[in-house]
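Novice: Below, each chain spelled out in residue letters.
Protein chains: 4
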Amino acid sequence: MKKIAMLGTGLIGTFYTMTLMGMRNKDVVCVVAASREESARKFANQWNIPIWTSSIEKAINDPETDVVVIGLPNHLHKDAVLLAAKAGKPVLCTKPLGRNAREGLEMLEAVEKAGVFAGYLEDLVYTPKTIKALATVKAGALGKVLWARSRETHPGPHSDWFWNKELSGGGAIVDMGCHCVEIARNFIGKDIRPVEVICWADTQVHPINAEDSAVGLVRYENGAIGQFEVSWTFRGGMDLRDEVSGTEGTIWLNHWLRTGFEMFTSVGQGGYVAEKAEGDTGWLFPVGDEVHALGYAHMFQDMLDSLDAQKDPMETFYDGYVVNAIVDACYKSALSKKWEPVELSVWRGTENNETYLKAIDYDSQHQLIKEEKMPDGKTKIILKDKSTGEISQIFKD
Amino acid sequence: MKKIAMLGTGLIGTFYTMTLMGMRNKDVVCVVAASREESARKFANQWNIPIWTSSIEKAINDPETDVVVIGLPNHLHKDAVLLAAKAGKPVLCTKPLGRNAREGLEMLEAVEKAGVFAGYLEDLVYTPKTIKALATVKAGALGKVLWARSRETHPGPHSDWFWNKELSGGGAIVDMGCHCVEIARNFIGKDIRPVEVICWADTQVHPINAEDSAVGLVRYENGAIGQFEVSWTFRGGMDLRDEVSGTEGTIWLNHWLRTGFEMFTSVGQGGYVAEKAEGDTGWLFPVGDEVHALGYAHMFQDMLDSLDAQKDPMETFYDGYVVNAIVDACYKSALSKKWEPVELSVWRGTENNETYLKAIDYDSQHQLIKEEKMPDGKTKIILKDKSTGEISQIFKD
Amino acid sequence: MKKIAMLGTGLIGTFYTMTLMGMRNKDVVCVVAASREESARKFANQWNIPIWTSSIEKAINDPETDVVVIGLPNHLHKDAVLLAAKAGKPVLCTKPLGRNAREGLEMLEAVEKAGVFAGYLEDLVYTPKTIKALATVKAGALGKVLWARSRETHPGPHSDWFWNKELSGGGAIVDMGCHCVEIARNFIGKDIRPVEVICWADTQVHPINAEDSAVGLVRYENGAIGQFEVSWTFRGGMDLRDEVSGTEGTIWLNHWLRTGFEMFTSVGQGGYVAEKAEGDTGWLFPVGDEVHALGYAHMFQDMLDSLDAQKDPMETFYDGYVVNAIVDACYKSALSKKWEPVELSVWRGTENNETYLKAIDYDSQHQLIKEEKMPDGKTKIILKDKSTGEISQIFKD
Amino acid sequence: MKKIAMLGTGLIGTFYTMTLMGMRNKDVVCVVAASREESARKFANQWNIPIWTSSIEKAINDPETDVVVIGLPNHLHKDAVLLAAKAGKPVLCTKPLGRNAREGLEMLEAVEKAGVFAGYLEDLVYTPKTIKALATVKAGALGKVLWARSRETHPGPHSDWFWNKELSGGGAIVDMGCHCVEIARNFIGKDIRPVEVICWADTQVHPINAEDSAVGLVRYENGAIGQFEVSWTFRGGMDLRDEVSGTEGTIWLNHWLRTGFEMFTSVGQGGYVAEKAEGDTGWLFPVGDEVHALGYAHMFQDMLDSLDAQKDPMETFYDGYVVNAIVDACYKSALSKKWEPVELSVWRGTENNETYLKAIDYDSQHQLIKEEKMPDGKTKIILKDKSTGEISQIFKD
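Chains as they are written, first to last, in our numbering: chain Z, 414 to 810; chain S, 414 to 810; chain C, 414 to 810; chain V, 414 to 810.
I should point out that these hints are in silico values taken from the structure, not numbers from a laboratory. Careful, some of the hints might be misleading.
A pair counts as met if it fits within one copy or between any two copies, since identical chains are not told apart.
[Unchecked claim] Quick list of in silico lysine-lysine cross-link-like pairs, DSBU-like style, CA-CA up to 30 Å:
(1) 750 x 603
(2) 793 x 724
(3) 809 x 745
(4) 751 x 578
(5) 557 x 526
(6) 603 x 491
(7) 793 x 771
(8) 750 x 578
(9) 724 x 502
(10) 745 x 771
(11) 750 x 724
(12) 750 x 455
(13) 455 x 502
(14) 791 x 455
(15) 724 x 416
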């Protein structure tokens with residue numbers, strides 16, 4: 414059982430608290446902080462939390478607080494982490510870790526120096542589907558991962574500070590690309606170095622300074638590609654999908670709009686349908702248990718179990734820092750209009766990962782390029798002559 | 414926090430324990446009973462349960478036991494419930510409640526007489542999708558429910574006793590139809606009396622005495638129809654779907670094979686893919702978190718929260734008894750080849766529910782039958798003359 | 414090349430003409446008849462048809478007419494067929510053949526006596542998906558077919574006469590059940606005798622005399638079940654699905670609402686979205702090529718190619734008659750509330766089809782009931798003792 | 414009715430001939446040419462084509478030939494087109510038009526100089542889904558198109574010459590990217606200038622010189638992005654999807670793997686399942702009518718109807734040239750690792766297309782950034798101060 418101080422009472426603080434207090438959980442949120450005391454008090458009442466405050470510092474230092482959970486706007490992450498480190502308390506910080514790699518690195522160094530347990534609350538890596546998919550990939554079902562696409566798009570975030578580049582650190586890339594980048598990184602392998610990125614970003618619709626749409630490619634040292642697509646201009650709800658291609662298989666995950674819950678209503682139901690849903694009549698696609706589908710439940714389980722066991726959680730501050738570094742490179746590339754290196758002053762993975770190239774001998778003279786069953790029932794085999802490089806084809810019944 | 418005695422260590426005992434001990438739950442399984450002591454011991458070791466026994470009675474009466482959970486084969490439910498009632502302990506019993514309504518009623522009367530808390534572990538009513546769908550229906554999004562289809566089919570159950578009619582009480586109907594019947598009943602309304610049933614049942618494939626396939630219709634007093642389809646002959650995994658039609662809307666739930674997790678592998682991954690999956694290469698459809706998707710997590714939450722609050726859970730022994738009575742009528746109908754009444758010696762719902770018939774006045778002379786937008790862009794309106802009954806059509810641009 | 418007289422200018426006449434005149438077809442509609450001359454003239458103008466008339470007889474007997482296509486309301490089918498037979502001209506009649514088996518038989522006998530080519534325009538058996546699925550089933554991919562469900566539901570038909578029981582012969586069963594019954598019959602095998610039916614039918618919503626909802630089961634001599642579900646009360650568009658289960662496989666076809674075309678629009682597009690679509694904003698599910706998806710294109714190809722080749726088309730008047738007989742039995746069962754025999758005074762299939770029961774020897778002592786891979790990776794095998802009938806289980810790694 | 418000379422007897426020649434001779438078409442293939450006379454003769458026999466030859470020139474100049482259809486490997490397109498132009502005969506050329514823009518331009522100029530009708534056989538723009546989707550977009554249902562993703566991936570092409578960079582002009586980009594680029598261009602608007610591209614390309618798996626995987630972004634003058642993803646390394650069949658995002662809506666098209674035909678078979682069926690299918694047991698996803706789903710039927714209809722009407726088809730040689738120019742820029746970008754301009758020496762669209770930016774006044778002081786319904790039922794509104802640029806939020810019930 415852990416006693417938690419929740420910093421922040423917005424949508425993310427609500428989802429986190431809903432998760433931690435939901436079901437038959439043994440953990441409790443016993444302190445809550447919000448910038449406005451009134452918000453903290455209301456939230457405390459709603460969730461039956463005994464202590465509320467408008468001081469982040471007080472919340473962290475409250476003797477009741479075992480673990481600090483940061484659900485604050487991006488520009489407040491760093492200071493809150495530093496305070497927790499100073500207080501010597503375990504700290505879990507929502508995504509993105511910093512607004513940039515410099516902030517991320519400072520936070521990483523602070524917790525490591527202080528020796529406090531730290532977890533990076535990257536929930537989408539913890540959805541039950543992603544966890545099972547990652548296990549499947551580790552078990553070899555996809556062979557070598559070649560490409561991982563992660564997509565998060567919706568009509569735009571729900572709070573003002575997201576739209577303010579100074580407070581958030583950017584636009585859709587730092588807000589949602591941080592998820593996508595880390596999802597792809599998990600599938601490709603966290604020990605493989607992300608080498609360089611190319612990124613398109615634009616403000617297509619909203620009257621803001623930050624990008625509301627972006628697509629990026631992250632090239633890993635072993636030749637694998639992590640592709641992200643983010644947008645605050647998408648219409649139809651929240652599109653949250655991952656696709657992974659490997660030499661031996663494929664995985665497609667749909668976390669939100671097509672999960673086996675389909676509904677038509679001519680009259681609506683009043684109220685909330687699902688996060689980022691648009692409209693409440695016609696065909697709708699609700700999600701059964703949102704905090705579970707978004708990974709919050711398994712994320713906190715891993716975090717608190719890891720804390721109990723005194724081992725690293727699946728997502729650490731180091732991961733948050735790597736993500737920040739990749740995002741930084743994306744912003745650079747969007748401006749320079751060329752591939753930009755990912756600058757990692759600290760690299761803890763392996764080096765010199767080789768690319769994959771399949772070279773199966775068909776016979777002593779030829780390599781096999783491909784086999785395909787044709788409409789007439791025959792099998793066509795494409796071969797490459799090992800000495801001349803010439804490509805030819807033969808048929809088998 | 415509750416201390417639980419788990420009776421039974423088969424698949425259902427495993428799923429229940431996995432749920433109760435999973436995540437950051439505050440409850441614990443502290444006693445386990447299996448018919449063979451060796452099984453109990455192994456299970457206790459695996460799940461770190463301090464007390465094991467081959468005696469159901471001992472498990473129930475163990476002073477550590479707060480709550481009795483029955484995950485035993487069907488023929489052992491009644492005696493276990495009677496023992497728990499005698500011991501004055503809260504009891505949760507897996508589905509079906511009895512092998513027939515006579516057993517179900519005896520169990521209902523026993524717990525009520527003893528005044529113990531009792532819950533009917535009908536998990537599929539508690540899947541996150543079903544819970545949200547039921548709330549949606551209650552909020553009026555579907556208007557009046559007219560028809561609810563629930564389907565559960567797979568290649569057959571995993572333990573020998575299921576296939577033995579004497580031990581289980583029947584075949585696919587009692588095994589899976591009990592789920593489907595209660596799902597439909599929840600959508601249509603538990604206070605609406607199920608009046609009569611028609612049922613086809615057959616042994617199509619397996620060399621057994623019980624039915625391995627069945628389809629049934631349950632007619633409710635208000636004219637709504639609950640349709641179930643069950644089979645132990647289905648190929649391709651476990652088909653677990655619900656469909657609900659109302660006057661204003663439609664709900665389709667897919668709990669297993671199409672939930673947004675799609676995967677192709679040419680090599681497989683070794684080991685388990687998903688419950689009742691067939692094969693481990695090609696296109697596969699895993700489920701992220703099986704115990705969650707099957708409703709176990711929310712079911713135990715409701716049961717134990719209700720116990721804490723001293724109120725009835727969503728699914729009670731009375732519900733189990735009604736389901737038993739409906740299933741009994743199905744077996745009768747399968748033999749008699751005609752509609753058979755549902756015999757409920759105890760009825761706790763409302764009486765004299767009227768059927769629905771829409772009679773919207775189009776004008777003083779006509780009722781509206783329907784409107785449709787045609788390919789040429791016009792709207793066709795079908796009307797019924799209120800005095801003559803004559804049907805006519807007009808066009809609007 | 415065939416010159417066609419189109420009888421009827423309603424939705425079905427439009428779809429048929431669109432199909433016959435669409436693409437780069439060599440056939441032409443050169444005569445059109447409608448009850449009101451004005452409608453015929455308009456239709457002729459629209460489709461560039463040289464001859465129009467309000468007389469069915471004139472259209473049939475016009476020297477330009479090679480082939481008669483009947484797209485008329487149900488009560489006019491019989492007379493039109495008799496006129497075509499009398500004229501000695503090939504005739505294609507839309508579904509249902511008659512309003513009942515008596516009419517159907519009279520039409521069958523008329524064309525056979527006259528020796529004219531006759532085709533039953535049961536389009537849904539000809540959808541490209543159904544054609545391929547039927548070929549797949551014939552190739553053995555599903556083993557023996559055990560069950561076929563066909564479902565057609567929408568918010569109600571578009572023309573007044575459908576809602577008039579005298580003109581149409583009934584309600585949703587005769588209108589749409591005729592499709593479903595024939596689809597299931599094709600999957601199960603046309604040479605297998607449909608023995609008996611059980612059917613529920615009700616007027617749940619619309620103020621009419623006929624049924625607006627029904628579910629029926631048709632039992633075939635070999636134990637297979639054809640299940641149909643029809644409704645004029647469905648909300649959300651047109652639900653057109655088939656599901657087939659065999660001993661070795663499964664087929665699921667979705668012809669309308671989920672075919673890989675998904676669209677969200679907040680503003681709509683003006684005009685027609687898809688047949689029976691409700692609303693034109695929000696999530697919509699259009700169909701690319703409706704006449705193709707509904708089977709019209711392949712239906713006319715088969716009909717006219719068969720006429721050219723002087724061989725029976727896939728769907729004959731005999732098939733239409735069998736469908737009428739099954740539908741008649743359904744209406745009888747809905748009233749009698751018990752299984753009713755399918756009365757076929759003419760039976761052209763095989764006799765004494767045996768039911769299927771799998772009895773695979775596991776060893777000399779046991780039959781195999783089932784194998785399943787369990788979560789712990791072991792395989793559980795359920796066996797039946799051949800002499801005692803006792804059921805047991807063993808585990809294999 | 415048109416008499417067609419088919420050049421090429423490989424998979425594409427087969428699909429084309431199947432389409433032109435399929436259904437009740439009035440057109441006929443009356444001449445066929447293949448590089449080996451034996452192949453031409455066999456093909457002629459199979460399809461009942463009266464004239465066969467190993468000379469492309471003879472086929473074109475045969476007096477029977479009304480229209481020349483080029484279904485040859487890429488390196489033979491140009492010469493065949495020049496011969497057709499010289500012969501003054503209408504010519505339809507398969508995709509890509511040239512191996513590069515230089516070839517494409519030469520072909521374009523040749524047919525224009527000769528004044529012959531010319532069509533670019535870009536079938537995937539003609540799938541029934543794409544045609545309807547394009548009409549929907551033109552009708553305004555998506556508002557302004559911001560992004561269009563087109564993806565075509567499969568395990569690799571079926572003929573040797575595809576894998577030979579000299580003969581084909583490249584790898585997966587020139588083979589499949591040409592489809593994707595033109596699909597996106599149709600959605601975004603053919604009159605909008607494609608300005609620049611960024612492209613990643615790699616040889617990830619197969620032992621060849623060309624790229625087997627690529628992702629590219631094409632930026633249009635109005636700010637819209639066309640994104641393509643191509644691969645010859647995909648596992649699981651043929652992934653053929655388009656996604657379009659506009660300011661008011663979204664379209665998702667799945668042309669192959671998820672079109673409403675799902676099938677499980679434990680035994681297979683022998684033979685061909687679908688183009689590029691892998692394996693023939695387990696869950697399979699066949700396509701009902703492949704040539705229709707791939708757009709061949711509607712493509713030839715448009716081509717031959719346009720020829721009859723003496724008007725431009727939907728896809729012209731100019732379109733083929735633009736696609737070649739975009740593909741050329743992609744190859745350049747893949748090497749230079751930066752955005753490269755699309756060089757179009759001939760531009761026939763509009764100039765100076767402005768980008769889209771939404772600036773809706775909320776009140777005199779503020780612009781509306783976004784509205785969202787929150788879980789608590791309230792609506793949150795994000796605003797931007799028109800003078801200060803400050804971003805704020807307010808709540809409405």
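Novice: For each hint, tell me whether it holds in the structure or not.
Specialist: A quick look at each hint next to the structure:
Proximity of residue 750 to residue 603 under the C-alpha cut-off of 30 Å is found in both arrangements, the shortest distances being 27 Å within a copy and 25 Å between copies. In the homo-oligomer, the alpha carbons of residue 793 and residue 724 never lie at most 30 Å apart, since the shortest distance is 53 Å inside one protomer and 37 Å across protomers. With identical chains, the CA atoms of residue 809 and residue 745 are never at most 30 Å apart, being 52 Å at best within one copy and 39 Å at best between copies. Taking CA atoms no more than 30 Å apart as the test, residue 751 paired with residue 578 passes in both settings, with 23 Å inside one copy and 26 Å between copies.
For the identical chains of this complex, residue 557 and residue 526 are neighbours neither inside a copy (37 Å) nor across copies (52 Å), given an alpha-carbon limit of 30 Å. Within a single copy, residue 603 and residue 491 get their C-alpha atoms as close as 24 Å, which meets the 30 Å cut-off; across copies the closest is 48 Å, which misses it. Proximity of residue 793 to residue 771 under the C-alpha cut-off of 30 Å is restricted to the intra-copy arrangement: shortest distance 19 Å within a copy versus 38 Å between copies. Taking the closest pair of Cα atoms, residue 750 and residue 578 come within 30 Å of each other both inside a single copy (21 Å) and across two copies (28 Å).
With identical chains, the CA atoms of residue 724 and residue 502 are at most 30 Å apart within one copy only, with a shortest distance of 15 Å there and 40 Å across copies. Taking the shortest alpha-carbon separations for residue 745 and residue 771, only the inter-copy value of 26 Å comes in at or below 30 Å, while the best intra-copy value is 34 Å. For the identical chains of this complex, residue 750 and residue 724 are neighbours neither inside a copy (41 Å) nor across copies (41 Å), given an alpha-carbon limit of 30 Å. When the C-alpha separation of residue 750 and residue 455 is checked against a cutoff of 30 Å, the pair qualifies neither within a copy, at 48 Å, nor between copies, at 53 Å.
Taking CA atoms no more than 30 Å apart as the test, residue 455 paired with residue 502 passes inside one copy only; the shortest distance there is 26 Å, against 39 Å between copies. Taking identical chains as interchangeable, the C-alpha atoms of residue 791 and residue 455 lie at most 30 Å apart only when they sit on different chains, with a minimum of 16 Å there against 71 Å within one chain. In this homomeric assembly, residue 724 and residue 416 come within 30 Å of each other (Cα to Cα) both inside a single copy, at 19 Å, and across copies, at 28 Å.
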